[in-house]
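J.: Chains Z and D supply the protein sequences, listed in that same order. The numbering of the first sequence is my numbering, which starts it at 1 and goes up by one. The numbering of the second sequence is my numbering, which starts it at 1 and goes up by one.
Among the hints, a few may not be true.
What the hints assert, rightly or not - Computed far set for chain Z versus chain D, every beta-carbon distance over 12 Å: (1) D18; (2) A35; (3) D40; (4) K147; (5) Q149; (6) I171; (7) E300; (8) K302; (9) N311; (10) K325.
Unchecked claim - Simulated crosslink set (DSSO-like; lysine-lysine; CA at most 30 Å straight-line): (11) D:K244 x Z:K348; (12) D:K345 x D:K571; (13) D:K416 x Z:K59; (14) Z:K348 x D:K206; (15) D:K400 x Z:K322; (16) Z:K348 x D:K202.
Said to hold, decoys possible - Here are a few chain D residues that face chain Z, going by a calculated C-beta distance under 10 Å: (17) Y171; (18) A214; (19) V220; (20) G272; (21) A274; (22) N280; (23) W395; (24) H401; (25) I434; (26) G461; (27) A465.
Just so you know, the hints here were simulated from the structure itself, not pulled from any lab data. None of the values given here were measured: they were computed from a predicted structure. No residue lacks a Cβ here, since even glycine has one placed at the ideal position from N, Cα and C.
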Amino acid sequence: MTFIKKPIFRHPSLPKNDLGLTYRDYEGLVSTLCAGCGHDSITASIVQACYDMSLPAHKIAKLSGIGCSSKTTNYFLNQSHGFNTVHGRMPSVATGANLANRDLIYIGVSGDGDTASIGLGQYCHAIRRQLNVTYIVENNGTYGLTKGQFSATNDKKSKNKKGADNPFGAIDLALMAIELGAGFVARSFSGDKEQLVPLIKKAIDYNGFSLIDVISPCVTFNNHPHSTKSYDYIREHNTAMGELDFVPERENIQAKYNEGENVDVTLHDGNSINLQKVDSNYDSRDQDKVVNTLRKYRGEGKVVTGLLYINEDAEEMHQTLKTSKTPLNAIPVNDLCPGIEQLDKLNKSYT
Amino acid sequence: MSNNSSYNELVLKFANVNGSGSASANTFCAKALFRMGIPVSAKNIFPSNIQGLPTWYEIKISESEQLARRDGIDIMVAMNAQTYDQDINEVLENGIFIYDSSLLRDFKRDDINIIGIPIAKLCADAYTDSRQRQLFKNIVYLGSLSLLIGIDFDVIKQLLSDQFSSKPKLYDQNIKALEIGRQYVKENIKYPLEKQVRKSNKNTNKIMINGNEAAGLGAVYAGASVASWYPITPSTSLVESFEKHAMKLRKNEDGTFNAAIMQAEDELSAVGMAIGANWNGARAFTATSGPGISLMSEFIGLAYFAEIPLVLFNIQRGGPSTGMPTRTQQSDVLSCAYASHGDTKQILLFPSDPNECFYFAIESFDYAERLQTPVIVLSDLDIGMNDWVVDKFEWDHNYKHDRGKVLNSEELENAKDFGRYKDVDGDGIPYRTIPATHPELGAYFTRGTSHNEYGGYTENGIIHAETLDRLERKFDTAKNLLPQPEIIINSPKTKIGIINFGSTTKAINEALNHLSNKGIGINHMRIRAFPFSSKIDEFINKHDIVFIVEQNRDAQIKKLLVNEIDVISSKLLSILNYDGMPLTAQFLINKINEYIEEDTDINQLIAPPIKIV
Chain Z
1 MTFIKKPIFR HPSLPKNDLG LTYRDYEGLV STLCAGCGHD SITASIVQAC YDMSLPAHKI
61 AKLSGIGCSS KTTNYFLNQS HGFNTVHGRM PSVATGANLA NRDLIYIGVS GDGDTASIGL
121 GQYCHAIRRQ LNVTYIVENN GTYGLTKGQF SATNDKKSKN KKGADNPFGA IDLALMAIEL
181 GAGFVARSFS GDKEQLVPLI KKAIDYNGFS LIDVISPCVT FNNHPHSTKS YDYIREHNTA
241 MGELDFVPER ENIQAKYNEG ENVDVTLHDG NSINLQKVDS NYDSRDQDKV VNTLRKYRGE
301 GKVVTGLLYI NEDAEEMHQT LKTSKTPLNA IPVNDLCPGI EQLDKLNKSY T
Chain D
1 MSNNSSYNEL VLKFANVNGS GSASANTFCA KALFRMGIPV SAKNIFPSNI QGLPTWYEIK
61 ISESEQLARR DGIDIMVAMN AQTYDQDINE VLENGIFIYD SSLLRDFKRD DINIIGIPIA
121 KLCADAYTDS RQRQLFKNIV YLGSLSLLIG IDFDVIKQLL SDQFSSKPKL YDQNIKALEI
181 GRQYVKENIK YPLEKQVRKS NKNTNKIMIN GNEAAGLGAV YAGASVASWY PITPSTSLVE
241 SFEKHAMKLR KNEDGTFNAA IMQAEDELSA VGMAIGANWN GARAFTATSG PGISLMSEFI
301 GLAYFAEIPL VLFNIQRGGP STGMPTRTQQ SDVLSCAYAS HGDTKQILLF PSDPNECFYF
361 AIESFDYAER LQTPVIVLSD LDIGMNDWVV DKFEWDHNYK HDRGKVLNSE ELENAKDFGR
421 YKDVDGDGIP YRTIPATHPE LGAYFTRGTS HNEYGGYTEN GIIHAETLDR LERKFDTAKN
481 LLPQPEIIIN SPKTKIGIIN FGSTTKAINE ALNHLSNKGI GINHMRIRAF PFSSKIDEFI
541 NKHDIVFIVE QNRDAQIKKL LVNEIDVISS KLLSILNYDG MPLTAQFLIN KINEYIEEDT
601 DINQLIAPPI KIV
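Bound-form chain Z, shown alone (with noise of 0.2 Å):
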């Protein structure tokens, strides 16, 4: 569907951002994604917060791993480059580009099967690594282009479209980012772009690993009355069951809620997701603290959203490197080259 190209026309009367840049300006190609998918809306913020912060888009690498979120890189921020890399490998490719040039922005897309499972070891890695990247889950429990296998950040007994239990327990990846020592990690829902915008922002503002581990419902395969992340779809539509690629048209949940509110957002299908929003007491630098809580809710089956883990102190891969100021890329390799006259030590040396 990337044949549909966006109309060029914009109009004069939309807002500018301090680059003199609208919204628009930040986009990228059409989504070819289900429509009512949580990870369109997931772009949106996305270019939302690039938009709200003037970044200039050439100046941010977008990177991805496979999978239905890691397209998403090509739907907003045109004018930046993208990496599509490979199954689960984004954090590798992203290290390596951080690297050669430390002054980009870094945004990370990938999924729960991207990260949880193929990715886990470079994803762990890389938080250990404190990389300077805003990782961005868009976590839906399963896996959407091969049409609806668990995930493993898929809770225990949540049940497939077929309605066979998960048996396997799930991976918490914001527990884990927090215990490896990732120096900033949230947890959201793409349907509250109200509180997901401003944590994006927070998270490129933040001078290392930040996760934001977003949790993102599948609208046609995680669809089920007993998945923890979606919602029955059988009930409503259930002319369109053997249909696969069927989906309805519709609009994307929304979710309004205050700090410290633990709100039932109901989905399209009546079905519920049990959100709590980190109340203001909370305190995020505190890690033991941080961890006991996510654990209690977790208990509970709430899903805690938020900026749940902050480390202001944490030193990023640079720094524990001592690599030049400098992006290495902008050292020219003439000068990287120690010449002749070493070259004359050095051979010596080998006598």
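Following the hints, put chain D in place on chain Z, whose structure we already have.
T.: The following block gives chain D in isolation, referenced to the frame of chain Z:
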């Protein structure tokens, strides 16, 4: 010995216990011989083990510069009682077997000279510290040996002085140990032995270096600034060399470095990082061995298809699987040439010694950036980890690093319609941009999915086929760009040729030299790169029989030749060695003679060499 020519022609072998500190003593010995101006080559035959298993170190000493490995030992320094039986059997008739006679042994060979030196006892008497007693045994035998075969003591002293310039105490201790060994010989053994060495002048403008050290240094000279890697024998020392030199030569005044070295969590991540850094405009590389290539294959395919420069050193070891991690082979030719799924082909470079490792390391980045594709430098354990005597490194003032087709901001503004994958010049190589070059121009999407000329996703079969065809065109361009084969015509009339690549070259030269003396002229071609130059077809087509020498079971380079160029496969005769040891000339001579004896037709194709050496 009255006949001078018999000096400096011998194989010296040390049999030790791994982790006992013998490596430095043995290296001192090789280096001292090198500094005496004698042509030498050293082979470290070591176990995949940290401590306790047998390890050997062979030094071939050859005034006539026949420096391939040779079976049959002239002098065995046997310091490992576990392997006495095996070691003594390797000693040639009239050879010498030196052992630690602290425990006297009765050996069953009367055709060799057995010399006992009570090394452990000497050390027990001289040192009180148990660690010193162990470590200095190695220096004691080196001291004894120096007197027995005539290694210049002043040269050894100078070597130690260079080595321990900042540690004078260690220098004194080592000299003391050497003297203990020498004193015992003076008092108890008739010296020098019949087999001995003496100063020569063959090493002017030569250096003694291993290929990994050379390649790591080459990467520094190439201007590489990112190295990402995962430790694996025998490639580890390559990145360590890069790190050592980069940290020394690239340090800024504020204490930062113009290089980043990242030890990755595995080979997948290592190659991913190298790809990311190259994509972002730095020169980046990774180094690995066979198992790492298997793990990196998916990413190699991405770099091939998305056209991202990448330099990868594969220091081959014995495969398949974990195989023999500390033995040498050339058995990754096919897995590298066609690394990754789908229609892929990779650029391969085949250095033949550490000197070429240095230059190929530099050039590999030029080829990778010019061709925007992975370049795999296929070295091996023998080149990578053994010390070779090679020409010193030269530097051409006129040399300029080739960054390939990268558009800058101004060029982007002048470009009419930038498309990342457009074949503007007809050579199959498109133009690329580095992120952040221009605020509005040049951004594109890099992907492993099929793409059109602008990097856009496509499922259009015609466009997909066109892309694959263009990549093939790029490989045609590569044929002329890459290092051409080295051809030596020994006999213009002979119809027999021999082809090799990489570390077997010394053995080929030695064997051809020997055969020349017998009136058998064979022309030689050394392949230096894949895809194959048209000169390779020409060479094969000019000969009726072509021997192909490889260190693998499956005749991989032969299969690659048959697959990729138009040659008659029946005239390609394989000579294969895959026991993990560096090739010997005798092995080659025997195989060639077998072919000649078995087939009278081959016999008729032989013409004498131009001159009998």
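J.: Decide, hint by hint, whether the structure agrees.
T.: Consistency of the hints with the structure:
1. No beta-carbon of chain D is positioned within 12 Å of the beta-carbon of Z:D18; the least distance is around 14 Å.
2. Once the 12 Å rule is applied to beta carbons, Z:A35 is consistent with being away from chain D; the minimum gap is 19 Å.
3. Z:D40, annotated as away from the interface, keeps every beta carbon of chain D farther than 12 Å; the closest lies near 17 Å.
4. Its beta-carbon lying about 18 Å from the closest one in chain D, Z:K147 satisfies the requirement of being farther than 12 Å from that chain.
5. With a cut of 12 Å on Cβ distances, Z:Q149 stays outside the contact zone with chain D, its closest approach being about 20 Å.
6. Annotated as non-interface, Z:I171 keeps its C-beta farther than 12 Å from every C-beta of chain D; the closest such distance is 17 Å.
7. The claim that Z:E300 lies off the interface holds: its Cβ sits roughly 35 Å from the closest Cβ of chain D, which is beyond the 12 Å cut-off.
8. Distance to chain D confirms Z:K302 as a non-interface residue, since its nearest Cβ pair spans about 33 Å, more than 12 Å.
9. Every C-beta of chain D lies more than 12 Å from that of Z:N311, the closest at about 22 Å, which supports listing it as non-interface.
10. Chain D draws Z:K325 into its interface by the beta-carbon criterion, the shortest separation being 6 Å against a cut-off of 12 Å.
11. Taking the CA atoms of D:K244 and Z:K348, the gap is about 17 Å. The hint holds against a cut of 30 Å.
12. Note on D:K345 and D:K571: the hinted pairing holds, with a Cα-Cα distance of about 25 Å set against a maximum of 30 Å.
13. Between D:K416 and Z:K59 the alpha-carbon distance is near 23 Å, which keeps this suggested pair within the 30 Å criterion.
14. For the suggested pair Z:K348 and D:K206, the alpha carbons sit about 10 Å apart, so the restraint of at most 30 Å is met.
15. For a cut-off of 30 Å, the pair hint linking D:K400 to Z:K322 stands: about 28 Å separates their Cα positions.
16. This hinted pair checks out: Z:K348 and D:K202 have alpha carbons roughly 16 Å apart, not beyond 30 Å.
17. At a threshold of 10 Å, the smallest CB-CB gap from D:Y171 to chain Z is about 18 Å, leaving the interface hint violated.
18. This hint holds: D:A214 has a C-beta 9 Å from the nearest C-beta of chain Z, less than the 10 Å allowed.
19. Taking 10 Å as the C-beta cut-off, the interface hint given for D:V220 holds, the closest approach to chain Z being about 6 Å.
20. Hint status for D:G272: holds, given a least beta-carbon distance of 3 Å to chain Z, under 10 Å.
21. Checking D:A274 against chain Z by beta carbon gives a least distance of about 6 Å; that is within 10 Å, so the hint holds.
22. A cut of 10 Å between beta carbons decides the hint on D:N280: the least distance to chain Z is about 4 Å, and the hint holds.
23. Residue-level restraint check for D:W395 holds (minimum Cβ-Cβ distance to chain Z is 4 Å; threshold 10 Å).
24. Hint on D:H401 holds. Least Cβ distance to chain Z is approximately 5 Å, under the 10 Å limit.
25. Interface hint status for D:I434: upheld, as the beta-carbon distance to the closest one in chain Z is roughly 7 Å, under 10 Å.
26. Restraint check, D:G461 versus chain Z: the minimum CB separation of about 15 Å is more than 10 Å; hint violated.
27. About 19 Å separates the beta-carbon of D:A465 from the nearest beta-carbon of chain Z, more than 10 Å, and the hint is not met.
Checked against the numbered hints above, the structure breaks hints 10, 17, 26 and 27 and satisfies the rest.
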